[in-house]
Amino acid sequence: MKLLIKGGRIVDPANKRDEAGDILLEGARISKVAKNIRCAGAKIIDAKGKVVMPGLVDMHVHLRQPGLEDKETVATGTQAALKGGVTSVLAMPNTTPTIDCPESAELLKKIVQKSAKASVYICGAITEGRRGGKLTEISQLKAKGVIAISDDGASVDSDQLFLKAFKEAKRHKLLLICHSEDKALSRGGVVNLGFVSTRMGLRGISSESEYKRLQRDINLAQKAGAAVHIAHVSCKESVEIIRRAKEKGLQVTAETAPHYFALTEEEVVGFDTNMKMNPPLRSRADLEAVKKGLKCGIIDLIASDHAPHTENEKDIEFDRAAFGTIGLETELAVSITELVHMKILSWPELVRKLALNPAKILGIDKGTLGLGCDADLVIVSPEEEWIVNKEDIVSKSKNSAFLGKKLKGKVEYTICGGKIAYC
Amino acid sequence: MVAWQKKDLLGLENLTAEEIELILSTAESFKEVTTREIKKVPALRGKTVVNLFYEPSTRTRVSFEVAAKRLSADVINIATETSSVKKGETLIDTGKNIQALKADILVVRHSASGACVTLARHLGISVINAGDGWHEHPTQALLDIFTLKEKLGKIKGLKVSIVGDIAHSRVARSNIWGLSKLGAQVTVCAPKMLIPPGIEKMGAGVTCNIDQALKDADAVNVLRMQFERDEGEAFPNQLEYFKQFGITTERLKSLKKNIVVMHPGPLNRGIEISSEVADGANSVILEQVTNGIAVRMAVLYLVSGATTK
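If you read the protein sequences in the order shown, they are chains A and B. Quick note: the first sequence uses our numbering, first residue 1, plus one each step. Quick note: the second sequence uses our numbering, first residue 1, plus one each step.
What the hints contain is simulated information worked out from the structure, not anything from laboratory work. Predicted, not measured: the structure shown is a model, and the values here were computed from it. The reader is advised that the hints may include incorrect statements.
[As the list claims (entries may be wrong)] Derived EDC-like pairs: lysine to aspartate or glutamate, alpha-carbon spacing no greater than 20 Å straight-line: (1) K257(B) - D216(B); (2) K96(B) - D315(A); (3) K87(B) - D315(A).
[To be verified] Part of the chain B face toward chain A, derived, beta carbon under 10 Å: (4) T118; (5) R121; (6) D132; (7) F235.
All residues carry an ideal CB built from backbone N, CA and C; glycine is no exception.
Start from the sequences, fold in the hints, and give me the full structure.
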């Protein structure tokens with residue numbers, strides 16, 4: 001099977017390419033990239049006026065399997081990914097059971113082999129049950145194919161234990177991803193602490209609960225001489241702490257999610273539980289700082305923190321509703337709308353944030369359109385506008401913070417492993 | 001005069017000054033009814049009002065019940081401890097079942113902020129917020145405003161101080177919205193830890209100094225200090241609170257002679273207010289309770305005739 005993508009604007013920062021051209025895919029690989037390719041027998045996709053880029057690598061996704069199949073499955077989650085132009089995901093370990101032992105990692109691996117429609121990489125837990133009490137057997141997890149560890153959704157409170165975790169992660173060359181949150185400060189909170197929490201009478205989550213813990217996490221990583229990746233950066237102080245850490249030359253990388261540069265706490269007014277996430281939507285100043293962080297390279301990448309929840313868990317009292325928004329199907333469009341069209345990032349910079357940088361940080365061979373590389377691509381109509389409709393969502397859960405929002409930039413084709421996986 | 005159009009009363013934040021005035025003037029005519037020998041009008045005959053209370057309440061629930069009965073409505077009280085809620089039924093399911101029983105107005109008290117907003121979105125029948133979490137308690141603020149207007153003849157230009165646990169008070173929030181919309185100047189006063197961030201953006205002045213808060217005040221609304229909270233959020237010491245913030249005869253001496261003292265109840269005598277003041281000449285605490293009936297009659301009457309059902 002040969003696929004020839006003709007005349008698109010190829011944006012491939014890994015190979016310093018940003019120009020119109022053709023790409024030939026043979027089997028599951030990219031076989032040629034050139035100005036004008038002719039190839040008899042190839043199926044042709046006309047990409048004139050479109051942007052052709054590597055498939056997105058989303059390193060923060062909750063696929064919910066095993067155990068939480070009412071929210072999402074590997075099959076539905078990866079289908080949603082493809083619709084959003086995402087061809088590789090890192091699956092978070094907060095499933096039932098937790099991915100904290102070789103058996104559960106093996107279980108997930110089997111589900112992935114059987115049902116995944118895109119590349120799924122596995123993130124294991126740092127501690128057993130993500131309870132912060134006892135470290136998992138990192139070497140055994142690694143042997144089962146786990147490529148990173150995180151207690152996402154929870155933070156290890158004990159400095160001593162977390163330092164040990166960093167040392168272990170370093171020893172086994174696994175990336176450690178931090179959910180930086182001091183629950184002693186944020187407990188019970190449901191929305192950013194500030195005027196909106198006051199006005200609505202909801203318990204607030206301070207920025208302090210995020211950035212204080214984030215600073216600690218960086219300090220411990222430094223002490224262990226280990227790399228650290230910070231998940232879902234949401235507030236200005238966190239951006240500043242990461243800036244200083246990078247200035248010092250520490251091995252710190254950071255991600256943010258589209259909702260933190262597209263939405264503010266104001267969205268919560270009206271008690272829409274799709275706007276309830278953790279960390280919470282913050283203030284305008286925080287949003288601007290996150291955007292600036294993306295622009296200056298302080299924040300390395302964008303990941304969706306795709307967090308599906310059923311209607312039963314969302315359509316209830318705000319205090320009781322589950323935290324999280326889905327994001328796989330909208331992250332590219334939101335990023336184009338808010339960052340490219342608003343001139344915060346160029347197209348090549350966007351591709352770095354959404355594909356190349358996460359691939360590099362995870363150490364996987366993705367995010368590039370180089371010769372011989374995996375034929376994972378996305379073709380986008382950069383100017384096309386569309387509205388996020390609940391009916392169109394393919395994820396099993398519909399809890400999107402972007403429902404009803406108009407976005408500019410639409411995925412036309414997603415090609416995964418050389419095959420048209422979405423169009 | 002504007003016509004009432006909203007199917008629900010969820011808070012004062014989203015009401016206009018005209019809508020608040022309409023409720024107040026409607027309440028005035030209903031107050032007259034409550035002074036008659038036969039205190040009943042047929043305005044809501046054939047309608048069913050359901051009181052759904054997820055939090056303990058005597059004053060507000062009874063007040064709504066009396067109000068609905070004086071309008072000739074049929075009233076059903078549901079205490080959630082003895083209902084299907086105990087069996088795990090969700091808020092929205094409970095609401096939909098009550099709607100299916102063909103109730104017309106649902107009066108809801110809930111411990112979660114926004115619960116009434118969520119419910120109103122799912123129901124075609126009217127929802128009246130009888131207090132949701134720390135969010136709003138619109139009928140309490142309306143009866144406070146009604147009482148103030150009755151006592152002082154106007155609201156515009158009045159200086160009203162609200163003293164107490166502002167952070168956790170739905171009464172404070174509704175009063176700030178309502179009073180400032182009608183042109184009063186509101187000041188909130190509390191220990192610093194009980195002043196929530198950004199409250200000044202709601203239109204209230206802020207001080208931690210009780211004397212400053214009361215200096216030129218025409219009225220003071222004294223909030224209940226909730227020392228029964230087990231979250232360690234209230235002021236740490238009751239006696240100290242009384243010394244620093246308690247409304248006492250001593251404090252009243254240096255203030256406007258006819259300062260109106262209000263309290264939404266239930267009282268903590270000797271904590272936020274001294275008995276002399278609570279029972280004294282400046283206190284309108286029991287009048288508030290009486291006025292609550294007229295105000296709730298007005299609200300029930302207006303939402304039942306809403307034009308945008």
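Checklist entry - Can the restraint linking K87(B) and D315(A) be considered satisfied, given a maximum Cα separation of 20 Å? => result Given that 20 Å is the threshold and the Cα spacing comes to 18 Å, the pair holds.
Item to check | Pair hint outcome, K96(B) versus D315(A) [Cα-Cα no greater than 20 Å] | outcome: holds (14 Å)
Next on the checklist: Can you verify the interface hint for T118(B): is its Cβ closer than 10 Å to any Cβ in chain A?
Outcome noted: holds (6 Å)
Checklist entry - Quick one, is the R121(B) hint okay against chain A at 10 Å, beta carbons? => result Interface hint status for R121(B): holds (9 Å vs cutoff 10 Å).
Next on the checklist: Checking hints one by one. Is F235(B) an interface residue toward chain A, by the C-beta closer than 10 Å rule?
Outcome noted: Check failed: Cβ of F235(B) comes no nearer than 18 Å to chain A, outside 10 Å.
Checklist entry - Taking the least C-beta to C-beta distance, is D132(B) closer than 10 Å to chain A? => result At 8 Å from the nearest chain A Cβ, D132(B) passes the 10 Å test, so the hint holds.
Next on the checklist: Does D216(B) sit within 20 Å of K257(B), going by the straight-line distance between their CA atoms?
Outcome noted: holds (11 Å)
This entry does not satisfy hint 7, going by the numbered hints stated previously; all others are met.
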